[in-house]
Amino acid sequence: MEITRGQWIIIILLTLSFIATAGFIAFATAAVLSFGPAYLYLKSIRNAEETGKEPWSALQTVFIWGAVSGVFYALILNSLGGSIVFLYSGNDADLTFILTAIIVAPIVEEFVKPLVLFRNVSVKGEIDEVEDGIVYGAACGLGFGATENILYGLSEGAVSSGLLGVIIVVALRTVSSILLHLTASSFTGYGISQYLVKGESFSVVVKYYLLAVLIHAAWNTAAVLGSSLILIFSILLAIGGLEFSKRRIRELDLEGSNIQPQSLRAENNREDWWNASKDKWANKSQTQTSNTASPIFESDTESPASSMFQNIDWRQTLGGIFFLFYILSSIIF
Numbered sequence: 001m002e003i004t005r006g007q008w009i010i011i012i013l014l015t016l017s018f019i020a021t022a023g024f025i026a027f028a029t030a031a032v033l034s035f036g037p038a039y040l041y042l043k044s045i046r047n048a049e050e051t052g053k054e055p056w057s058a059l060q061t062v063f064i065w066g067a068v069s070g071v072f073y074a075l076i077l078n079s080l081g082g083s084i085v086f087l088y089s090g091n092d093a094d095l096t097f098i099l100t101a102i103i104v105a106p107i108v109e110e111f112v113k114p115l116v117l118f119r120n121v122s123v124k125g126e127i128d129e130v131e132d133g134i135v136y137g138a139a140c141g142l143g144f145g146a147t148e149n150i151l152y153g154l155s156e157g158a159v160s161s162g163l164l165g166v167i168i169v170v171a172l173r174t175v176s177s178i179l180l181h182l183t184a185s186s187f188t189g190y191g192i193s194q195y196l197v198k199g200e201s202f203s204v205v206v207k208y209y210l211l212a213v214l215i216h217a218a219w220n221t222a223a224v225l226g227s228s229l230i231l232i233f234s235i236l237l238a239i240g241g242l243e244f245s246k247r248r249i250r251e252l253d254l255e256g257s258n259i260q261p262q263s264l265r266a267e268n269n270r271e272d273w274w275n276a277s278k279d280k281w282a283n284k285s286q287t288q289t290s291n292t293a294s295p296i297f298e299s300d301t302e303s304p305a306s307s308m309f310q311n312i313d314w315r316q317t318l319g320g321i322f323f324l325f326y327i328l329s330s331i332i333f
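In this note's numbering, the protein residues as written are 1 to 333.
Derived by calculation from the structure, the hints in this document are not laboratory data.
All of these numbers come straight from a predicted model, not from anything done at the bench.
Ideal placement from N, C-alpha and C gives every residue a C-beta, glycine not left out.
Among the hints, a few may not be true.
Label-pair ranges, simulated between beta-carbon atoms [stated by the list, open to error]: (1) Gly90 / Thr4: 36 to 44 Å; (2) Val32 / Ser201: 40 to 48 Å; (3) Gly157 / Leu13: 18 to 26 Å; (4) Ser203 / Gly23: 26 to 34 Å.
Heads up, simulated DSSO-like pairs for lysine-lysine below, C-alpha to C-alpha not over 27 Å straight-line [to be verified]: (5) Lys124 / Lys198; (6) Lys43 / Lys124; (7) Lys207 / Lys124; (8) Lys53 / Lys124; (9) Lys53 / Lys43; (10) Lys198 / Lys53.
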């Protein structure tokens, strides 16, 4: 895990600012509710890879980048972009808020979050499979989302409602917004890994970056317009995005792992082929019980279909269902 001096300075300044704004108890509560689930999400994403799991040291480096450096750069660039929009909107504060949320923030945040995949040499060196980009992209998105949860949880509106207000805001965002950042960044990471591993043109990175921006913009549009139906769709997109990312990681992982073991097994069996054949014909009565050769398609790895339900993160799914019930209740009542 690499934490630079600059990141330590940002961490200290943010921590002091949070404590001064809302108090230590509120800050500690928001931090636990934000970073605890983020770690579980990250563990779930990492474990989706059955072979060649990414080292925790590299994942922590990427996570910290998103939580510290990514947030720092986003705050600066979002403020700068918002100021430009304010000047060109005729000093219209409401229009500036909407355009900043829908246009500026998605462009800026989806740009700064995955920069670590290019900037950090050790992390870049770990990306040797296509699915690795999804894992690291999700990691930086989770770090960013965790810190952003604290920013919103300790905002003036939430703090004015007391500790319960802080808990509600952070808890709801933990099963919604943080998954948005995970999903969007995993798309950009997927593009980056195709560029680094498969040698595709840089346009593939741009393509998946624009897709991440589009997803983020759709989410923010729903939040700004206050449309409950669109918001529900966005939440489903974020929750589904987690499962999609995990499923895609498993598919790519199995695609690479099922070929190599079979070829290695065939290579090792060539030397014993004659002896196996002699035993087979010499012991016909035992052929079907003890000396049968391994089926050519036999694999110790479960197929995606057979393991679909055991790989579902039921805690995360239930959390999403409870959140959807909360939204629906606000519509009905």
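Against the structure, the hints:
no. : hint                       : in the structure
1   : Gly90 / Thr4: 36 to 44 Å   : holds (41 Å)
2   : Val32 / Ser201: 40 to 48 Å : holds (44 Å)
3   : Gly157 / Leu13: 18 to 26 Å : holds (23 Å)
4   : Ser203 / Gly23: 26 to 34 Å : violated (49 Å)
5   : Lys124 / Lys198            : holds (14 Å)
6   : Lys43 / Lys124             : holds (20 Å)
7   : Lys207 / Lys124            : holds (20 Å)
8   : Lys53 / Lys124             : holds (15 Å)
9   : Lys53 / Lys43              : holds (11 Å)
10  : Lys198 / Lys53             : holds (19 Å)
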